[in-house]
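Asker: For the sequence shown, the working numbering gives the first residue as 1334, with consecutive numbering after it.
Please note: incorrect hints may appear among the correct ones.
[What the hints assert, rightly or not] Restraint ranges, calculated between C-beta atoms of paired labels, are given here: (1) E1377 <-> N1349: 37 to 47 Å; (2) R1406 <-> R1383: 31 to 41 Å; (3) R1350 <-> M1379: 33 to 43 Å.
No lab work stands behind these hints, which were simulated from the structure alone.
Quantities reported herein were computed from a predicted structural model and do not represent experimental measurements.
For glycine and all other residues, C-beta sits at the position ideal for the given N, C-alpha and C.
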Amino acid sequence: MFLKEFEVRWSDVDANRHLANSAYINFMSHTRMAFLLDLGFGHEVMVKNRIGPVVFYEHMYYFKELFPGKPVRVSLEVMGMSEDGCFFEFHHNFYDSKGKNVAHCEMMGAWISLETRQLTPLSKELLSRFDQIERPEGFRVLTKEDTRKFAKKPKDLV
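From just these sequences and the hints, can you work out the full model?
Answerer: Next comes the structure, spelled out in structure tokens:
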């Protein structure tokens, strides 16, 4: 499990004086990028390979409030990946300063080509970097159908 610690700042708080929804999203995004950096997926590597990560969805579950002045730890576990590395599913947990689980998120995403703006698999070299991480209980190989689990169609105004 990958862990990243954050300080809850006043700017992370909403009108109810607890951690705002947007702060949860920002902490998870920062945690994912730190995780990818640890795997050797820095900006230089992504630019060289002309790829970028995209989020399909993030489903949040809130258990307890978080307030300013105490640290929060955000975990990341790779819960699924397609055989070609195109699709991935990460789970995040938020822990308060005492280690209590206060929120959970399930997110799914993919890699896109920055040239074609289409979904793209990872190169064998980049995919092999995921072999070094521990696969948690419940890890699964994702298919394109898994990405459609919560599919919604856009409904334009016009």
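Asker: Hint by hint, say whether it matches the structure.
Answerer: Structure-based check of each hint:
In this structure the hint that E1377 and N1349 lie 37 to 47 Å apart at CB holds, the actual value being about 41 Å. For the pair R1406 and R1383, the beta carbons lie near 33 Å from each other, so the given range of 31 to 41 Å is met. Taking 33 to 43 Å as the suggested C-beta distance range, the pair R1350 and M1379 conforms, at roughly 37 Å.
Checked against the numbered hints given earlier, the structure satisfies every one of them.
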